[in-house]
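Each protein sequence line maps, in turn, to chains U and A. In the numbering used here, each number is its position in the first sequence, counted from 1, plus 1. In the numbering used here, each number is its position in the second sequence, counted from 1, plus 294.
Hints in this document: simulated from the structure, not taken from any laboratory. Fair warning: this is a prediction, and the values are worked out from it, not measured in the lab. One should not assume that every hint holds.
Claimed, not checked - Incomplete in silico selection of chain A near chain U, CB under 7 angstroms:
| id | residue |
| --- | --- |
| 1 | Ser326 |
| 2 | Pro334 |
| 3 | Glu336 |
| 4 | Gly337 |
| 5 | Leu338 |
| 6 | Asn353 |
| 7 | Lys354 |
| 8 | Phe356 |
| 9 | Gln392 |
We put the CB at the ideal spot given by N, CA and C, even for glycine.
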Amino acid sequence: GAVVSQHPSWVICKSGTSVKIECRSLDFQATTMFWYRQFPKQSLMLMATSNEGSKATYEQGVEKDKFLINHASLTLSTLTVTSAHPEDSSFYICSANPQGSSYNEQFFGPGTRLTVL
Amino acid sequence: GNSVTQMEGPVTLSEEAFLTINCTYTATGYPSLFWYVQYPGEGLQLLLKATKADDKGSNKGFEATYRKETTSFHLEKGSVQVSDSAVYFCALRGQGAQKLVFGQGTRLTINP
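I would like the entire structure built from these sequences, with the hints used as guidance.
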């Protein structure tokens, strides 16, 4: 149980286009989902906390207009990278916290590799 | 703010060697501490956790003890296997917080 999927697993796009990444909890409902960014050989940096039915909370330094997060249902959160540029190329990872459980319970998706040409 | 510092890698060991990956943290109050593992091509998986001082988390032969006096949560395994090759992340969740703060990760390679 407690599986989180991400789609797509990898994407290549041209500079200036927008890309949407989906994060789904497959066998549980998630009130809260988290979006991270991981640079090569570096740690995960939290970008934003996404709560179902409300606006996401962005970490300092993350542009909310560039990284649009929508958490429209208890099983789906989306991250849209708008007007992508090469510097947005990275590995994006989501995690989900099951509804009603402690925040110590977070399950991670396999990640999405974004390459912007 | 809260932070995690872990041993820089990469770490290369022979099979059956003893493993230690150091992790220290800075946080106010009583955070919860975690080790996550990321196998090649896969997402992060929780390896073990400890939620209060002196707790020992253990799983798959790995252990880590929450040491408040030294603000540490070092990962150990007595005899590593080739299948343990992965990237290991130490992390904390601050008291009352939602989010996790991660260390920089340590890449471990075990040779037969």
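Each hint, compared with the structure:
Satisfaction of the interface hint for Ser326 (chain A) is found here, the shortest Cβ-Cβ separation to chain U being roughly 5 angstroms, below the 7 angstroms cut-off. Below 7 angstroms, beta-carbon pairs count as interface contacts, and Pro334 (chain A) has none with chain U, the closest being about 11 angstroms; its hint is therefore violated. The closest approach between the C-beta of Glu336 (chain A) and any C-beta of chain U is roughly 6 angstroms, which is under the 7 angstroms cut-off, so the hint is satisfied. For Gly337 (chain A), the shortest C-beta to C-beta distance to chain U is roughly 4 angstroms, which falls under 7 angstroms, so the interface hint holds.
Proximity of Leu338 (chain A) to chain U holds as hinted, the smallest CB-CB distance being about 4 angstroms (cut-off 7 angstroms). The beta carbon of Asn353 (chain A) comes no nearer than 14 angstroms to any beta carbon in chain U, farther than 7 angstroms, and the hint placing it at the interface is violated. Taken as an interface hint, Lys354 (chain A) does not check out: its beta carbon lies about 17 angstroms from the nearest beta carbon of chain U, beyond 7 angstroms. The beta carbon of Phe356 (chain A) is not positioned within 7 angstroms of any beta carbon in chain U (closest approach about 18 angstroms), and the interface hint is therefore violated.
At a threshold of 7 angstroms, the smallest CB-CB gap from Gln392 (chain A) to chain U is about 5 angstroms, leaving the interface hint in force.
Of the numbered hints given earlier, the model fails hints 2, 6, 7 and 8; all others are met.
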